[in-house]
Amino acid sequence: MANRGHRRGGRGGVRNAQTPSPQQQQELLLRDNKLTKIPDASIFKSLLVFDVSSNEIFSLNGLSKISATLEELYLSKNEVPKIEQIDHLINLQILELGSNRLEVMENLHNLTNLQELWLGRNHIQAVNLCELKCIKKISLQNNRLTSMIGFQGCVALEELYLGHNGISKMEGLSALLNLRVLDVASNKLTAVDDIETLTKLEDLWLNDNQIASLDALDTALAGSRHNLTTIYLTRNPCASAPNYSIRLRQFFPNLEQIDSNMFG
1 MANRGHRRGG RGGVRNAQTP SPQQQQELLL RDNKLTKIPD ASIFKSLLVF DVSSNEIFSL
61 NGLSKISATL EELYLSKNEV PKIEQIDHLI NLQILELGSN RLEVMENLHN LTNLQELWLG
121 RNHIQAVNLC ELKCIKKISL QNNRLTSMIG FQGCVALEEL YLGHNGISKM EGLSALLNLR
181 VLDVASNKLT AVDDIETLTK LEDLWLNDNQ IASLDALDTA LAGSRHNLTT IYLTRNPCAS
241 APNYSIRLRQ FFPNLEQIDS NMFG
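One point on numbering: in the UniProt record's numbering, the residue at position 63 of the sequence shown is 63, and numbering is uninterrupted.
Just so you know, these hints were derived from the structure itself, not from any lab. No residue lacks a Cβ here, since even glycine has one placed at the ideal position from N, Cα and C. Treat each hint with caution, since some may be false.
[As the list claims (entries may be wrong)] Pairs of lysine to aspartate or glutamate residues, derived as DMTMM-like cross-links and limited to a Cα-Cα distance of at most 20 Å, are as follows:
1) 65 x 40
2) 45 x 79
3) 65 x 87
4) 82 x 56
[Unchecked claim] The calculated label-pair distances, taken between Cβ atoms and stated as ranges, are:
5) 20 x 199: 41 to 51 Å
6) 112 x 175: 39 to 49 Å
7) 40 x 226: 47 to 57 Å
8) 82 x 249: 23 to 33 Å
9) 168 x 263: 23 to 33 Å
10) 226 x 101: 37 to 47 Å
11) 210 x 64: 40 to 50 Å
12) 87 x 35: 33 to 43 Å
13) 130 x 227: 42 to 52 Å
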């Protein structure tokens, strides 16, 4: 669910009808080129998009030379172990570092304009977001998280993807009043907690956990009772309860999808 699909295409080069001068160049796309290090892009003074995904890069050394005008940085599917040399990228809006070797969330404090952070498929064990107040989308799927603590200051957050971790308790979510999508599938949850205030919640993915009963679900989701349109609970013990689907539709009258079943 919600794996980050890459939007940038092509095998390197630039995407313009006429090649601009380096000082005017706004996009530099170098995906899938077997690069082993960050290329020197200091000549590009107006760069907005820099994409070196799907390479063999082992370090972010060299990013310090990238223009501070940059708004989108794509580095997924490399071998990067550490987030570094991005402090000057104060205009960055999208940072994608999925499928690397990261263990720590660090050096993000200056990215005050960041709106999307994609860190799925790494080895991250704890959340450290320095209260990024503009961020709207965060993916930490397929990491080694055991706690949700650390998102409290991200008050603009709309989509949060935490599937496939080792989280045993839902907590630190009640202040995220703009949240529309929450993915906590494939964790170790036994109950639904700390989201009763989330009145904008539309999609909730709870499948593949250890939630035993539906009895408290309507209370736990009281705030989103009329907004919730999609819920996944399959492969929880509670999904085997008699009249499972009927009860959920009674709790949440505007549901359009329960697990893989959609309603007209």
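Fill in: Numbered hints the structure breaks, given as an ascending list
2, 6, 8, 12, 13
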